[in-house]
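**Q** Sequence:
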Amino acid sequence: MSEDKEAREDELLALASIYDEEEFHRAESADGGEIQLCLELPSDFKIVVKGEKETEHSVCFLPPLMLNFELPADYPSKAPPIFTLSSKWMSRVQMSSLCRRLDQLWEENQGCVILFTWIQFLKEEALDYLSIQSPLEIIRGGNKMTSERKKTEFAATAVSGSHSETAEARKRAKFESQSTTSPNLDPRTVLLMDPRADLLPQLLDFDEAQQQRVFDSKVFSCGICFIEKLGANCLCFKECQHVFCKACMTEYFQIQIRDGNVQCLNCPELKCTSLATPLQVKLLVDEELFARYDRLLLQSSLDLMADVVYCPRQSCGTAVMVEPDTTMGICSACQYAFCTLCKLGYHGLSHCKITADELRNLRDEYLSAAPDTQKFMEQRFGKRVIQKAVEESFSRDWLNENCKCCPRCGTNIQKVDGCNKMTCTSCRQYFCWLCLGQLSKVNPYSHFNNPHSPCFNQLFHGVDPDEDAFWSDEED
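Numbered according to the numbering used here, the sequence shown spans residues 53 to 528.
It is worth saying that the hints were derived from the structure and are not from the lab. There may be inaccurate statements among the hints.
Claimed, not checked - DSS-like, lysine-lysine: derived pairs with alpha carbons at most 25 Å apart:
1. K102 - K57
2. K290 - K270
3. K57 - K323
4. K323 - K298
5. K435 - K473
6. K334 - K281
7. K281 - K298
8. K98 - K175
Stated by the list, open to error - Estimated spans, in silico, between C-beta atoms of each pair:
9. L282 - V100: 45 to 51 Å
10. C457 - P124: 34 to 40 Å
11. K270 - L396: 56 to 62 Å
12. E74 - H513: 28 to 34 Å
13. E74 - P376: 28 to 34 Å
14. S69 - C457: 57 to 63 Å
15. K467 - P124: 29 to 35 Å
Everything numeric in this text was worked out from a predicted model, so none of it was measured. We treat Cβ as the ideally placed atom computed from N, Cα and C, and that holds for glycine.
Let the hints inform the model, and build the full structure from the sequences given.
**A** If you want it as structure tokens, here you go:
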């Protein structure tokens, strides 16, 4: 109907105007898209890691829920949106509960557009609805849970919330525990991460990235030039949290590096001793100046080490590590082999030059040799040369065995864990890890649900079926 079509178009246009491109992606070929929903956390929200040594981390953001939807032709007059709900940290039991609540909201508002109501519920009320409170308890990847614990916790993932001791919370916990061994898991829910994997780095990395994004959008007054600028044009020192504009800090860093004061790149605030990180310095100065900073910083540290000498070439002067019981040094910058005593070209029993074509043969010979032979090779060729041969050869082998290229832009992608629906880190294209086919933005999981697809029912193909933790939420 024309009224339905007009309502769908108005709703999609409204979502595009409310949410930025990071949050809402509209599908090109259908009425649908994808919404990333960052749940609103209370202040001072904490994550507790259970294990031999309990650790606690404060976070402001958790990875978003992903709502993929498609609007049918008779929406909103008759049919609700077709959707899937996915998450890295929330269990399928919890997401199934949210799906049921979304269905209830549709029934209460049938005939009206519903997406904005769903979004508001998921962002603002989902944590309270699931009784998830601070601290959020996670179990470090690989830890084994007892069978009793598997029955009582959300076994679909290694995450559980701290629940209040109210009758409602106990009732919901009992219902969830029963759901882990029943067919009540909603097929519209997808767990994006292997529960055996270590979830903590994922949570902390996302929180740091989101906090940087918030910082970039705020306005700060520079303590040097006193001009108000966006955080994207400012630098914040990690330890003290003092903020200065990048223009002032760039000039400050340039002067200090040119003068050789690489140990004095500290916060300009009076009596503050916080130091800029090498990454912060690299972002503000050019490559030539950063190379000088890096070299001087390394030199100031190496000057205190007894097993370090410098390349005798006047045009080089790079620091060289000297192996015990040898008088040969090999410059890592110019590859000049020299005697550490007289600083002339190495004049030992043999003087070997290794070409790139010989690196692989050298690696194989070194790895298959006895310990005494390996030590002799290190003395003969230099330990750095041996290490280079081994590392470069293994790096090429590792890339060939563990990475695949994005079918859209060709970027090397490694699959660490989770399902076979992959996202390219460069162009954000969804693709199948098994067949490398490009997937739909509207519903990328349809590729694995279509009986005619070569990857039908292969969403988690390759996951070890003997690991109980991964499949505990799929049991009938």
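**Q** Would you mind marking each hint as holding or not holding in the structure?
**A** Hints and how they fare:
1. K102 - K57: violated (51 Å)
2. K290 - K270: The hint holds at about 17 Å.
3. K57 - K323: Given that 25 Å is the threshold and the Cα spacing comes to 64 Å, the pair is violated.
4. K323 - K298: holds (21 Å)
5. K435 - K473: violated (43 Å)
6. K334 - K281: Roughly 21 Å between the alpha carbons, so the hint for K334 and K281 holds.
7. K281 - K298: Roughly 10 Å between the alpha carbons, so the hint for K281 and K298 holds.
8. K98 - K175: holds (18 Å)
9. L282 - V100: 45 to 51 Å: About 35 Å separates the Cβ atoms of L282 and V100, which means 45 to 51 Å is violated.
10. C457 - P124: 34 to 40 Å: holds (36 Å)
11. K270 - L396: 56 to 62 Å: holds (60 Å)
12. E74 - H513: 28 to 34 Å: With a Cβ separation near 30 Å, E74 and H513 satisfy 28 to 34 Å, so the hint holds.
13. E74 - P376: 28 to 34 Å: For E74 and P376 the Cβ distance comes to about 53 Å; the hint is violated.
14. S69 - C457: 57 to 63 Å: violated (36 Å)
15. K467 - P124: 29 to 35 Å: Check passed, 33 Å falls within 29 to 35 Å.
Taken one by one, the earlier hints fail for this structure at numbers 1, 3, 5, 9, 13 and 14, listed in ascending order.
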